[in-house]
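Q: Letter by letter, the chains look like this.
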Amino acid sequence: MGKSTIIPFGPQHPVLPEPVHLDLEIMDEKVVRAIPSIGYVHRGLEKLTETKDYNEMFYVIERICGICSFGHGWGYTLAVEGLMNVDVPDRADYLRTALHELSRIHSHLLWLGLLADGLGFESLFMHCWRLREKVLDLFEKMTGGRVIFSICKVGGLRKDITPEMQNDVLKTIKSLRNEVNSLTKVFLDDASVKNRLCGVGKLSKTEAVDLCAVGPVARGSGVNNDIRLTGIGKYLDLGFKPILEEDGDCYARCKVRILELYQSFDLIEQIMLELPQGPVDVPVKGMPPSNDFIARMEQPRGEAFYYVQGNGTKYLQRMRVRTPTNANIPAMVKTLQGCDLTDVSMLILTIDPCISCTER
Amino acid sequence: MTYLSKSPWVIHYDGSSCNGCDIEVLACLTPVYDVERFGIINTGDPKQADVFLITGSVNEQNKAVIKQIYEQMPDPKVVIAIGICANSGGIFRDCYNVMGGVDTVIPVDVYVPGCAARPEAIIDGVVKGLSILEEKRKASEVAKEASA
Chain X
1 MGKSTIIPFG PQHPVLPEPV HLDLEIMDEK VVRAIPSIGY VHRGLEKLTE
51 TKDYNEMFYV IERICGICSF GHGWGYTLAV EGLMNVDVPD RADYLRTALH
101 ELSRIHSHLL WLGLLADGLG FESLFMHCWR LREKVLDLFE KMTGGRVIFS
151 ICKVGGLRKD ITPEMQNDVL KTIKSLRNEV NSLTKVFLDD ASVKNRLCGV
201 GKLSKTEAVD LCAVGPVARG SGVNNDIRLT GIGKYLDLGF KPILEEDGDC
251 YARCKVRILE LYQSFDLIEQ IMLELPQGPV DVPVKGMPPS NDFIARMEQP
301 RGEAFYYVQG NGTKYLQRMR VRTPTNANIP AMVKTLQGCD LTDVSMLILT
351 IDPCISCTER
Chain A
1 MTYLSKSPWV IHYDGSSCNG CDIEVLACLT PVYDVERFGI INTGDPKQAD
51 VFLITGSVNE QNKAVIKQIY EQMPDPKVVI AIGICANSGG IFRDCYNVMG
101 GVDTVIPVDV YVPGCAARPE AIIDGVVKGL SILEEKRKAS EVAKEASA
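As they're listed, the protein sequences go chains X and A.
Heads up, the first sequence is in our numbering, so the first residue is 1 and it goes up one at a time.
Heads up, the second sequence is in our numbering, so the first residue is 1 and it goes up one at a time.
One should not assume that every hint holds.
Below, computed lysine-lysine pairings styled on DSSO-like, alpha-carbon distance capped at 30 Å [what the hints assert, rightly or not]:
1. K128/A / K47/X
2. K30/X / K136/A
3. K134/X / K128/A
4. K52/X / K63/A
5. K194/X / K241/X
6. K47/X / K63/A
7. K128/A / K63/A
8. K6/A / K136/A
9. K138/A / K6/A
10. K30/X / K202/X
11. K30/X / K47/X
12. K67/A / K138/A
13. K194/X / K205/X
14. K47/A / K6/A
15. K30/X / K194/X
Hints in this document: simulated from the structure, not taken from any laboratory.
Here the structure is a predicted model, which means the values were calculated and not measured.
Starting from the given sequences, assemble the full structure and let the hints guide the process.
A: Structure follows, in structure tokens:
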């Protein structure tokens, strides 16, 4: 055994567009220890609740992350609606579920692209991102924005969708499903992709539970902790069943996300066919009372929770978010121990890190 | 675009943006917008880059990183601040850990507004930046001749 060396990784590096710093202690091409340090994207937006009222705060919360912006907005409105006892109309709930699943498709396609880029498979990266643009076009039609939508609000949705949009969604999902089929073949059956993913970064079921992993990382290790089963949105009415894999390696985590794409296609098609008529919002009266409420939300990356505390004025007393990547960092550090230096980028990628969520 | 005498390579750094502008920068490089047609490539190495695309505002921790990347880039170089956060701090201006726009740390040549900045706006900003790059290159050549 040689002497150990420390290789700094980041904050500016080619794996992710976001800054994260890792000190990798290397001995003979094996990582002995990985020490993450974060804080490059910290903004301190939770403190803005003191100067922005609960409606304005929604726009700040949506900008926690540009990838799961709809989920963050929805989670926050769920928390405030719970605090103020607002019942959202059925149509709004169905549409929120559909928009959230569309966000999941866009997020997973983005992640698959980054994974392909990490593998060195440039053309696959381009194809994933080409398909992602179709989802963004849908968003633009339905909400007006490509990455930040501002369509959710406390009490429902800001605007309704038209029957033409409904048809557009169905048409796009149908063509996406065909094209994703050919991508799936590459990601799950191609020998060179499998060589990089199979058996790399094993996380056993007990480790995943002990380290409190969430989202596709936990589900790749067979831990069923999908928050969509707890009754948010209309998932239970739609007969939602979580996707679980047992192997716990990078391949399993990739497979979970690919199968989730198909599941989201099914859910969206079902919603667009069964969408009930009616209003999409209810008037909200009064101020958030002196009480607190926690809402949980299954983001594309895992469980996030939103804590709000009111004080009888239009400003919230306290607002706190816990995001999925934060919970997955211990699992990432665990899998990095003892891995090959070349696998570091794969291991960081397969937890699908979102640094701006983590640091806010 | 006749002044595009060489392929400009870009480097991207995320200051403290929400990812919205970052993924739009990446979207510019992928098939629908595809700036690689014009020879624009995203590089991870500051020493090979001509254009510095920066998203998000500046804070205490990333101030040094931004300066370092800027100083490592060879002259002539252009800095493009993408998104309202990089321009002025945007919605996060009042946050305790946000110092303001990128121009508080390094000189900025082009400001691209938007939250998130649309790919069309980013491409427009880069094209503006390229003409500035060309001017800077000519100016440095003139200076070289004068000194010789």
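Q: Against each hint, give a clear statement of whether it holds in the structure.
A: Structure-based check of all given hints:
1. K128/A / K47/X: Distance ~37 Å between K128/A and K47/X Cα, so the pair is violated.
2. K30/X / K136/A: violated (46 Å)
3. K134/X / K128/A: OK: K134/X and K128/A at ~28 Å, within 30 Å.
4. K52/X / K63/A: It holds: about 27 Å lies between the C-alpha atoms, which stays within 30 Å.
5. K194/X / K241/X: holds (27 Å)
6. K47/X / K63/A: Cα-Cα ~22 Å, so holds.
7. K128/A / K63/A: Holds - the C-alpha atoms of K63/A and K128/A are around 25 Å apart, at most 30 Å.
8. K6/A / K136/A: The hint holds at about 14 Å.
9. K138/A / K6/A: holds (13 Å)
10. K30/X / K202/X: holds (15 Å)
11. K30/X / K47/X: violated (42 Å)
12. K67/A / K138/A: holds (25 Å)
13. K194/X / K205/X: Measuring from Cα to Cα gives roughly 22 Å; hence the hint holds.
14. K47/A / K6/A: Since the Cα atoms of K47/A and K6/A sit roughly 16 Å apart, the hinted pair holds (cutoff 30 Å).
15. K30/X / K194/X: holds (21 Å)
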